[in-house]
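Following the hints, position chains A and S against chain B.
Just so you know, the protein sequences line up as chains B, A and S, in that order.
Under the numbering used here, think of the first position of the first sequence as 1, with each following residue one higher.
Under the numbering used here, think of the first position of the second sequence as 1001, with each following residue one higher.
Under the numbering used here, think of the first position of the third sequence as 2001, with each following residue one higher.
What the hints contain is simulated information worked out from the structure, not anything from laboratory work.
Heads up, a few of these hints could be off.
[Unchecked claim] The calculated lysine to aspartate or glutamate pairs, modelled on EDC-like cross-linking and capped at a C-alpha distance of 20 Å, are: (1) S:Lys2374 / B:Glu52; (2) S:Lys2032 / A:Glu1095; (3) S:Lys2197 / S:Asp2209.
The chain contents come next:
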Amino acid sequence: MNLKQKIALVVLVVACAASLGAGWMAQHSYAEQSREFISVPPSAQFWLGTDELGRDRFARLLYGTRVSLLLAPAAALLSTLIAGLIGGAAGYLGGRWERTVTAGVDLFLSLPWLFLLLAVRALLPLNTSPVTSVMITFLLLGCLGWAAPARIIRAGTRTLVNSDYLVQAAASGVSRWRLFWRHLLPNLRPILLAQFWISVPLFVLSEANLGLLGLGVSEPLPSWGAMLRELENYSAVLQNPWMLAPAVLLVIVVSCLQLLLRTEESVAC
Amino acid sequence: MVASLLLRQARRILLTVLLGGLLGATLVRLGPGFGVDERELDSRLSAASQQAIRAERARDSNVASFYFRYLAGLVHGDFGFSRSLNRPVSELLAERLPLTLVSLGYGVLGGVSIGLALALLTVWWRAPGADLAPAVLSGLCLAAPAAVIALVFLWLGAPSRWAIALVVFPHVYRYAKNLLVATSQSPHVVAAQAKGLSSWRVLWAHVFTPAAPQLAALAGISVSLAFGASIPIEVICDTPGVGQLAWRAALDRDLPLLVTITVLVALMTLVVNGLADLSLAAWKPGAAE
Amino acid sequence: MLARLGLVLVVGGAVAAGAANELRFCLRTDPKTFNPLLVEDESSTTVRFLTGGVLIRLNRYTQELEGELATKWKVTENGRRIDFELRRGVRFSDGTPFSCQDVAYTIRQLMDPVLHSPVGDPLRSAAGEVETTCASPSAASVRFPGPVADLAAQFDQVAVVSAASPRKESAVLGPFEVGEYKPGEYVLLRRNPNYWKRDANGHALPYLDSIRLEIQQNRELELLRFRRGELDIINKLDPDMYDRLSSEMPHAVLDAGPSLDWETVFFNQVDSAPLPEYKRSWFRSTDFRRAISEAIRRDDIVRIVYHGHARAAAGPVSAANHFWLNTAVKPGSGSEAAAMALLQHAGFRRSGGALLDSAGNKVEFSMITNAGNKLHERMLALIQQDLARLGIQLNVVVLDFPSLIERISRSYNYEAVLMAWVNIDLDPSAQMNIWVSSAANHQWNPNEKTPETAWEAEIDKWMQAQNASQDPNKRKAYFDKVQQIVADQVPMVFLVNPNALSAVSPNVKNVTPAVLSPQVFWNADRLQIGGTLVSQR
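So that you can see chain B by itself, here it is in the shape it has in the complex (with noise of 0.2 Å):
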């Protein structure tokens, strides 16, 4: 591990230790309204200013970093397996497998899921918490996420089963099942990788615009999400710079993890 990523897992752990220490680190609970600081700049009493319910941005962006922070890398982990499972054996098994399952990639790519999301919603009960409507959404976005990467790690693949070190593998004979996962699927690391911290942002912004349609987290639990929907108020972000926290925090958190995840050396067999 060199500085740089040294350097990077340090800020990443900060950021998930902060966001796991809110309740000590926040001055107010993310929900408490103080109505008399409406949009208050940062002073002593409220690090980062108030919002326009007189809540504390510190708070609420520590909060918020609890639950994109968490959920968003683990619907990327999950979009990212299926794609690779489904990209990976499409592009290993070849012929009339391999062009069904990119035929139904390409469809899937088209289809309108937003009503699907639209469905789950209206079949959780309407008290269902906040929480577990998010995670529920999460998991959703991560199922639904692996289309457009499982189409380049098909193509990867093809690249790789054509490789020498495969064909020597699979000359001495080695079976197919283990070609795959001990010789073929850590070669994809790089693509894997290079997907799953594209993922993050993408969906933690996902979630902000599915707010749009009553999708994203619930009143009154934080997310970057909806803090990052806050910026397109363009004329109050100029007056108030420090609502642009949760995309500086947003921007370091998805360079730290590209750093972290950057591999030096190709896998090879």
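Quick look at chains A and S alone, frame taken from chain B:
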């Protein structure tokens, strides 16, 4: 061989698109709020009027019969009637599709070009920190909602189609960069460098070319990404394209419009991916099979 | 040479004046129709207002009826008949003469049962035919099968269409006509060369040469364009934007005071609703509903959500509706103590931090509202905290609009709703379908076969009485009773009446903003751009 590949692709595309339309219609039908109308909350309307509105909306509740009618109309170039905009879908598409296609063109080509160029630059110029600026830029574009990027463009008075390129390029850049870096560390590249080949020739012939099949896969994904980004961007910038239409149709549960857009997006994605596969076949026979 | 140059200069000048004498503002969506009889959506209503000629117009500022295409009118037969004396010498925009036949044709089209129009339906007071007779080309008489409340005012929405013009509904009697329409981009209205109205000095109206209606859904963009001078008016401004704009352009923003609209909360009292019985009993308890109303701090909603641009609401009539408001009815106090007293009276009690009912069930319920509405989301967050003081756990659920409509109108799968109601009418008869228990829009318990409670039966009685009477004072007395019952029984918790906020460029003259829609351009025929009168026609 190319001809048989073309025929196979065309058949596959047709079947997939037809299936896509049916599945899309089913998803919309099963979603909550299908068949309701805002006018049901208009207290000026009489009970009889509200009943008539409900009956009219219930006409499309059977997915199978709707889709059959839709396909029958499609054969005659009739894409149905948009209830939310009170106009034939074909008219709406004729007005809006060119605008969106142009935006998508700029977005995909721009995003892919910027992404690939930065990736190639990063790989070619292997100084420490060479990837810092592109990494920060792509991180910023990934972290910013498409709506915010669109607003920035609006504020600057720049054409919103380039906002789509900024949404697409981080994905292209990251995949391309990782791929090219991994390829550049392959033994054959080391051997080529050891033999004294120029860095440009190594980059093009030994790094980029072997990675081309995987890079080609980016083309199709970029189209889906670009269309997905075009929806919030067109909504924010009030561009009268298909993206804005899709959003409006989703909010109003406008079935004929949604199914048509689903069919269109499926067709676009499949055609672009099909073209990528075909060009791959031409480049490397057997690679696209 | 000089003459030709002069001609070019004059032509150039006229073109520049034409472009400069154009009012520009935005529509949220494309108009669905230009046929005034089929209008349902807001954008089409705007176009109809600007192009349609009506027999009687409600002056949005004075709230008095004024003759337009009718110089005189008389309502007789207890609201069943209205006689008009029509203005003579009026022509449609294409030159076709206007006469009683056009009125008859318009009424016939409007009363077609297939039409399902929000303009026509209120005129269908009973089964039977509507008869229009023309004693002469300038005397029209319309007879309805049953009495119609506030009959004359209903004609404010009826744009007369031509029976004889080859251009059909494109031939108009209003100040402007549709010149160009580019879908998704704009509608250009040009002055009607045959508009009948003149100002006090005999100048032909309208003063404007054209109105350009840009189709713009994004309010941020609309604000940006207004700031840049690309737009002259923002007809409905939200409070956030009002404050932002007022800090930069204080002379451009206008607050006309409380509008007719309401923000309300109501509870599900439908028998067939999939609710646990204990929750149904809460929502049906008057004390429970009154307690909720008392607990909500309306002043905070006004201050925090609306930035002071709203007024606490007490009932279904806003302070802007001077005649119909029952001033004896007051809004909830926002007092936790008052709310707790009511809850205790209903058998609720505090246990630890939670409120329990008499059976020991924890008081927890959900409140739904439409997604994408920041004001509603903020209101809900405030209400959530207000009710938390009582130990009530309120779960906030935002849904997209079709999902919300489905729950409150079809499946009844909801517990409480926060909703906005847009009122365009001063007269309480426009609210019949809300207050009458058998109506579909009796939202907390629609389509009751018979009134389920004594107070709903009372409301039915007084609403029918005011609807049948033609005496304004008697009607006022009846509707005052309705307002008192609503305040006592709280089927709906009225929160606030938002103010009518708008922005107008200082270049636009003769603006007198009103609270009735359309707020700013209700007198579009008298608006001017710049100081000098351009039209000398």
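Consistency of the hints with the structure:
Taken as a hint, the Lys2374 (chain S) and Glu52 (chain B) pair is honoured in the structure, with Cα atoms around 11 Å apart against an allowance of 20 Å. Distance hint between Lys2032 (chain S) and Glu1095 (chain A) is fulfilled; the C-alpha atoms sit about 16 Å from each other, no more than 20 Å. About 15 Å separates the Cα atoms of Lys2197 (chain S) and Asp2209 (chain S), which keeps this hinted pair within 20 Å; it holds.
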